[in-house]
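J.: The residues making up each chain are set out below.
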Amino acid sequence: MPDIGNYTHTTELVLGEAGKYFALLLFSVLAIRLWRRWAKTSAADKLNSLLVAFAATLIAVAIGCFSMCQSLGKLYSHYGMEAFHAGRLLQAQSLFESSAKFWNSPDALGQKGVCLLMSGNTEQGLPLIEEAKARRKGTGTSFEEFYEGLYYFTRGQRTNGVPLLEAASADQTYRWSVVKLFAVMELDGNYPDDAAKLMKPFMATEITESDQAYVIASLKLAEGKTNEAQAILDKFSTRELSPAWKTRYEKLQAQIHN
Amino acid sequence: MARKIISFVLHCRLEDVIAAGFSATLLVFFSTTSFFHSFQLNGHDIIFILLPVGILGVKCLLEMLFSPEADGEKLDTGKYLANFFKPLLKIFRDWFPFLLLSACYYALYTNLLLRVNPHTADGFLSRIDAALLGNQASILLQPWINPWLTDFFYLIYFSYVFSLPAVALYLYLTKKEKIFRRVMMGYLTLMLMGITSYLLVPATGPEKFFADQFTSDLQGHTVSRGVDYVINVGRVGYDCFPSLHVGIPLLLSFYLRDYRRKLFVPALIYVGLMCGATIYLRYHYVTDVIAAFAYAPVAYWLNDFLLSRWPGERISIASVKNPAPKQTG
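Same order as they appear, the protein sequences are chains A and B.
Per this note's numbering, residue 1 is the first one in the first sequence, and the count goes up by one each step.
Per this note's numbering, residue 1 is the first one in the second sequence, and the count goes up by one each step.
Among the clues, some could well be false.
What the hints assert, rightly or not - Distance ranges between label pairs, derived from CB positions: (1) B:162 x A:69: 29 to 39 angstroms; (2) A:231 x B:124: 46 to 56 angstroms; (3) B:78 x A:122: 57 to 67 angstroms; (4) A:122 x B:99: 44 to 54 angstroms; (5) B:118 x A:122: 45 to 55 angstroms; (6) B:23 x A:170: 28 to 38 angstroms.
These are calculated hints, taken from the structure and not from any lab test.
For glycine and all other residues, C-beta sits at the position ideal for the given N, C-alpha and C.
Put together the whole structure using the sequences plus the hints.
T.: Quick look at the structure:
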């Protein structure tokens, strides 16, 4: 089921696209009619009619170019996001580049920046995200804020990461992920009580993700329930985890066995 | 000066005056209070009424594209351009008041309703239902819950958003402009009566108020889940008493009785199904549905009364109720 944000976004997208192409149709019809009129006008009015027909054609062409480029930019960006969420970073990067070629919007720049950042190309990724923010007068999208925050989190730079993750958590899409990351930060700082407070509303939720399993298992261990903690960890194989999570899992396993 | 302004206002169309007055009041209210910052206007608020406007606009442009030039070369450019845009501006001008009020209606509730009256009336409405039926109708209907019936009722309930735009579009396309204005003004009158009622008697409906007492889910398929989602997103909260889902189709059926008598009985069947849907799907109390049967005739009469007495672009109700037969031969 799509979320409310998506629905609102889709409605606005439909209205925006319909408005653009209606304007294109309007000026195209006007231009065609003006050219037809020009063919029939007397020699005295020919120049005037020609200029008006030419102006209407120019406006129609300008609206057409703008509409097509913006729509293609949005289309490539959409497919880029799909590829990104499926973990196909190279493909996503290429799609974001195509999107920026058609419509060089701050969103396309930011998306490409995040893609580069997640691929490990920090030197190119971070400046692109900054440029996107600068073009939006300092505002980032929740997508950029979350992944930039995640990048700083994995680097252990809490001071940089926390404000970004907090901002991203305003978007429902990232709220759950941010709660888990904050709980991990509390656990890393040896504050299991604070982590438990954060996770309290989600303790009964089915464990489906490795980061969720790590947090819940750590909390169970803090309560002294070692068997339950071990059972949760056993559901996830450490071979499929990223290095940062692998280290945390191994550390937790060691604590359970001690 | 004041006399000139009053004279100007009285010579405008009634729907223009209502739309302008309502919007100006909202604008003053929002710009002078802190609500301005939380004011949200969603595309959903206007998309269903924009749909017929868009269809009419495209139809008008395609007609212009394929129709032959009628002495266009004899007109000067300014007049030619004015003639080109005139039909489009007319469509916009005829539909704009309804578009504006539709947007205001949703925006008003999203931002305002419970701030005006924070006391919800669910307890009161449910007590009336209990006195009438012994229990809540939606709870009594639980043994009959069936996934296919749920899907069917969801489709009926959702069809409401298309019913009025479809009728209005049909009337506009068939050039029945006075009838179009009468029907749309009737809709506006009922909406404004509904707004007043929602402000005075805000209620969330049985689905939320009795959430802990339902023992069975509605069990619909994907269709039901999708429609339920759209309704929950697009729905104005606390708009229960009366049920405009019943009131507006009932009002439309009155107009169909005047202009398309053959469609009157099918329209009443549709109203009956809508009554079933609103209660079965737990959106309304039985009291809300009964209230709709009182509000719709009042709106029908009040609208005709206002339109026939308004000094601006007046509509003779007798003439639009019984349009003169077309002369033949």
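J.: For each hint, tell me whether it holds in the structure or not.
T.: Do the hints match the structure? See the list:
Distance hint for residue 162 of chain B and residue 69 of chain A: a CB-CB separation of about 33 angstroms, consistent with the stated range 29 to 39 angstroms. Remark: the range hint 46 to 56 angstroms for residue 231 of chain A to residue 124 of chain B is upheld by a beta-carbon distance near 51 angstroms. At about 60 angstroms, the beta-carbon gap between residue 78 of chain B and residue 122 of chain A stays in the expected band of 57 to 67 angstroms. As the Cβ distance of residue 122 of chain A to residue 99 of chain B is approximately 49 angstroms, the hint placing it in 44 to 54 angstroms holds.
Distance hint for residue 118 of chain B and residue 122 of chain A: a CB-CB separation of about 51 angstroms, consistent with the stated range 45 to 55 angstroms. Checked against the hint of 28 to 38 angstroms, the C-beta distance between residue 23 of chain B and residue 170 of chain A comes to roughly 30 angstroms, which is consistent with it.
Hint compliance for this structure: no hint is broken.
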